[in-house]
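Engineer: Given next are the chains, with one letter for each unit.
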Amino acid sequence: MTWEPVIGLEVHVQLATRSKCFSGSATLFGAPPNSLTDPVVLGLPGALPSFNRRALEMAITLGLACGCEIRARSRFARKHYFYPDLPKGYQISQYDEPLCEGGAVEVGGRAIRLRRIHLEEDAGKNIHQAGGRLSQVDLNRAGVPLIEVVSEPDIFSAAEAAAYMRELRELVRWYDISGGDMEKGQLRCDANVSLRPPGGSDLGTRTELKNINSFKFVAEAIEHEITRQAAILDEGGQVVQETRLWDADAGTSLSMRSKEEAMDYRYFPDPDLPPLEVDGEVLARVTSRLPKPRSAYRSSFTAAGNLSDEHIDYLTADRARAERYATVAGSEDGRLIANYMLQDPDGRLEAGHLKRLAELQRTATVSGNGAKQIIVELLRRGGDPDRIKDELGLAQVSDAAEIESIAADVVAANPSQAASYRAGKTALLGYFVGQLMKKSGGKANPQLASDILKKLLES
Amino acid sequence: MSLHYQPVGELVRLVRTRQLSAREVVAAHLARIAALDARLGTFLHIDEAGALRRADEIDAELARGSDPGPLAGVPIALKDILVTRDVPTTAGSRILAGWIPPYDATVVERLRAAGAVLIGKLNMDEFAMGSSTENSAFFPCRNPWDLERVPGGSSGGSAAAVAAGLCAASLGTDTGGSIRQPASLCGVVGLKPTYGRVSRWGVIAFASSLDQVGPLARSVADAALLFEVIAGFDPRDSTSIDQPAPRLSGALTAGARGLTIGRPREYDLPGVDPEVKRAVDAALALLADHGARIRDISLPNSAHALPTYYLVAPAEASSNLARYDGVRFGRRPEGASTSLLEMYRRTRGAGFGPEVKRRIMLGTFALRSGYYDAYYRKAQQVRALIAEDYRRAFAEVDLVASPTSPTPAFRLGEKADDPMAMYLADVFTLSCNLAGLPGISVPCGLTAGGLPIGLQLVGRPLDEATLIRAAAAHERAAGPAPHPPEMAAS
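Protein chains in written order, with our numbering: chain A, 1 to 459; chain B, 1 to 490.
Keep in mind the hints are simulated off the structure, nothing from the lab. Positions of the beta carbon are idealized from the N, C-alpha and C atoms, including for glycine. Just to be clear, a hint being listed does not mean it is correct.
With a cut-off of at most 30 Å between alpha-carbon atoms, the simulated DSBU-like pairs for lysine-lysine come out as follows [unchecked claim]: (1) B/K357 / A/K79; (2) A/K125 / B/K378; (3) A/K79 / B/K378; (4) A/K259 / B/K357; (5) B/K378 / A/K259; (6) A/K355 / A/K443.
Some chain A residues judged to face chain B by a derived CB distance under 8 Å, without partners named [claimed, not checked]: (7) L42; (8) L44; (9) P49; (10) F51; (11) R53; (12) F82; (13) K88; (14) Y90; (15) D272; (16) P275; (17) A427; (18) G430; (19) G434.
Could you build all of it, start to finish, from the sequences and the hints given here?
Structural biologist: As C-alpha cells, then:
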C-alpha cells in the first residue's frame, strides 16, 4: 500500500563568526590540524568559556527572519558524552530553555513550522588511519559556533525535505550568518522519518538518519529510508526506533544505535555561563540591522514592471546584488542596468559606471553592442565608460547630415537594388542599412540610418 | 633575625627598603621547607630554581629603583589546584601527574604582577574532595600542631605550610569549607571570598557554582593584603562580578563597635566539641566587650545544607571531571590504547582515587534523565531557600558567627573509612558556599590538648570588608595567634 512519509529535520548551521563560540581562537576551514586551539578549545583543566556575542546576534537574526519568538532569557546547558573529539566530555548546548522557539520557513508556498533554534558549540574531528591502527583528533572545528534549527514534523516527501534544506541554505546566506556549504560541513542535516497511512494524524515509529553530508544526498537518503520503512510495513513488520547512519558510497543506511542504547546526555545548566539575557537593546540593534527579506525585493522589482522573471530571479539571487539593484529599480534605465548586471555576476562594476553607461545607451551615444563591449573592458581593465567608448571608438554617429551623405552614396552605388525597392521590394531596406553601417565603420546610429534611407528611397 | 614567621607587610617593607634581599627571604623559606617538609608533606612540588630566579629579578628591579609591587619578594605557595604555566599542576590527582600547563590562572598572574615569589605547589585532597588531605593521591599532609593529626582539607597543604612558616602566605580554594576548615584546624586565618569576587580562570574545577579562591595567612592583615591583590573582575570568567577589588586598610582598624553579630540557633548541634563551643562563645564575648552586639538568629534551612551540597557539588564534579579522558593531557596507562572504551576505563580507573570516583558516581546518578528534577533541580531550589535565610538574617545582623569546624583536628585515619563522618566536618561551612557568601575563619584559642580552634564569620555578598573588620578586631583583642610548637629539623 502507499504510505505517507512524515519528516522532521534537525539542521546544524555553522555560524560565520571570526572567532569561536567560547574563546578567541579563529574559525577557518582547512588550517593545519590543531592550529586553531587554546586552553578553552582543548578543554584544559581550569579553562572557562566566554560567550561570543556575535554568535548570539547571528542566531537572533535567523530567529527574527523566521518569525521565531526570541527568549529574553535562555540558558546554556551541558550535554555529556565521551568521545575523543569532544574535549570537555560535554558539549555546551541549549536544552530546555533555547534561544528561539516557534517560527516557520516557507517552502513552495507552504510554511514548515519550526520547533526551536538553539546555540551550541561544534565538536572536533576524529581522523582514522587506514587499517584502523591509529586514530587522531583534530580540534580546529571544536568550539565553532553552531545553531541547530529543529523543524516540526511538517515535511511530507523527500523532495520537500530537499527543498526545505535549499531554502534554509538560501536564508543563512541571505542573512550572512553562514557559508551554508554542506560539503564543508557548514550545513548538516539529521532527518527524523516515519510513515503513516495517508491522511492519518498519529505519527508512526520514527528513525533518525544521520551523516547526510552533501546536498545531493538529502533527497536520496530520505527516499531510501522511506522505501526501507515501507517495505517493512508492507510485510506487516514494525519499524524499529533507532538511529541510522547514511552511507553515501553504498547508497544505503546502517543501524547505529537502537532506542535502548540511546545515550543519557545528563543535561544540566552550565554553571560556568550565566543565563543568556536578550534585552530590548540587543533585540532592537539586531532588528535595526536586519536586512530586508528576499521576498520584499522580489515584489518591489516585480512592481517596477520592466523586468522579466529571469531578471528578477537573477537580481534577487544574492543579497548584495539585490541591494545594489534596489537603488535603480523602477528608474527609466532600470532594465538596461539589469541587463548590464547579468554580465557582472560578481558585482564588480561601480554603480556610477552602470548609470552612466545606461545614459550613453539611452541617448544612443553608444549602441547596445557598444555597451556590451564597454562592460567587457571595464571588467577586464577598469577605467570608466566614457574613456573606453572613446578609446575603442564606440561612439555612434547620430549626426543626420553625415548619415544623409553616406546614405546618398550607398543608394547611388546600388541602382538596381534601389529600383527593386521602389518597385515594392521594401525588404531590401535591410540590405541598404547593412551597406551604410559597413561604410560608416559600424558607427552610424542604426535607427537613424534606417529612417534616413527609407526617406531617401521613398522620395 | 628569623624570617619564617614575619608578617607579609614586614617582609615587603624589609625587601623594598633593601634591608633584606628577596633572595635571602626566599632562600630562608626554601631552607625551612627542606628541613621540615619531609615530615609535614605540605608541598607536592617545590620550584626552587624558579623561585630564586624570580627573587633575583625582584632584587634587580629594586636596584633599578622600580617597585615590584605590594607583595615584593614575599614567598607564597599555591594549592596545586591553581594552574601554573610551566610548573606541574596535579590537583592532587594521579590522573594529572606529569601535566605541565601552558598558561597561568588569573590569581597566579596577579600574584606575580604584585611581586610575589611563587615557591611551590601545595598538597590537597584529590580535586579538592575531602576534609583531611588524606585523599591526596601522592601522600597525606600532616598538621604542624600534632603530626599524628590531619591539617583539615581540602586545602590542607595551604594551611599547614602557612602554620609551619614554610611560606609567608598561601592560596587555597573553598567549595564547601576547604579554606576555612583547614585554617581552623591549623590555627591560621582563611578567607573564602564572595562567589564571583575572585576569578576562577585557571582554577581546576571541582564544583563550578561553589568554587572560590582565597588566601590563608597568619594574620588578618596578611589575608587582607593577598585578597586585595587577587580579587576583582576578570572577563575570562563569565561568573566574575564586575566590581573593583575592595581596599581593606580602613577595615583592619575600624574595630568591632557598632557591629551586630548573629548566632544561629540551629548551629547548637550535639556533635560540637564542648571545647570548641566554649572557645567560640569566648571569642564572641570578647567581641562584645569591644563594642559588638551579639544576638541569636535563625537560619531555618541549615539542616538541608549538607544533603543539598552533596547533590550540587558531585553533580557538577561529575561533569567537570569528564574531560580527564586520556586524550589530551595527563597519564594514559598501559593497555589503554586497545580500544576507545578501554582508554576511558583504564585512564579513569587508574587515574582517579576512591573519593573522586564516589562523587562522580553520585553526581552521574543525580543528573540522570528523569532524576534531574528530583535531585539537582530540587537541590538548587533548596539552595535558594538557604540564601534567603541569610538574606533575612542580614536585615538584622552584619555577620553570622559559628565554629568553623565542629571539632579540632582529628587523627589521620580516624574518619578515612567513614565518608559520612568526614562530610560532617563541613557542617558549618557548606551553606556559605551554597549561598555564595564570603566567610572567614580566624584562630580563637587552643584546646587543652594544644589544638587550634577557629571562629567562622559569614558576611553579606561582596562585604568582605566587614568580615576583615570583625576578624581584625578579634585578633587585636585576643592577641596574635600562637605558632605551633617548633619541630626539630630532620
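Engineer: For a C-alpha distance cap of 30 Å, please report whether A/K355 and A/K443 respect it.
Structural biologist: Holds, at roughly 22 Å.
Engineer: Given A/A427 as an interface hint, is its Cβ closer than 8 Å to any Cβ of chain B?
Structural biologist: A/A427 check fails; min Cβ-Cβ to chain B is 82 Å, beyond 8 Å.
Engineer: Can the hint on A/P275 be confirmed by a CB-to-CB distance to chain B that is less than 8 Å?
Structural biologist: Hint on A/P275: violated, closest Cβ of chain B at ~11 Å, above 8 Å.
Engineer: With a cut-off of 8 Å on the beta carbons, see whether A/P49 makes it to chain B.
Structural biologist: holds, 7 Å
Engineer: Hint check: is the beta carbon of A/D272 less than 8 Å from a beta carbon of chain B?
Structural biologist: Because about 5 Å separates A/D272 from the closest Cβ in chain B, which is inside the 8 Å limit, the hint holds.
Engineer: Under the criterion of a CB-CB separation shorter than 8 Å, is A/F82 in contact with chain B as hinted?
Structural biologist: holds, 6 Å
Engineer: Please check whether A/F51 passes as an interface residue: C-beta within 8 Å of a C-beta belonging to chain B.
Structural biologist: With a closest approach of 7 Å, the A/F51 hint holds.
Engineer: Is A/K125 within 30 Å of B/K378, Cα to Cα?
Structural biologist: violated, 37 Å
Engineer: Hey, does the A/R53 contact hint survive, CB to chain B under 8 Å?
Structural biologist: Violated, because the Cβ-Cβ distance from A/R53 to chain B comes to roughly 12 Å (cut-off 8 Å).
Engineer: Below or equal to 30 Å on CA atoms is what counts here, so check B/K357 against A/K79.
Structural biologist: holds, 20 Å
Engineer: Using 8 Å as the Cβ threshold, decide whether A/K88 counts as touching chain B.
Structural biologist: holds, 5 Å
Engineer: Within a Cα-Cα threshold of 30 Å, do A/K79 and B/K378 meet the stated pairing?
Structural biologist: holds, 20 Å
Hint compliance for this structure: hints 2, 11, 16, 17, 18, 19 are broken, all remaining hints hold.
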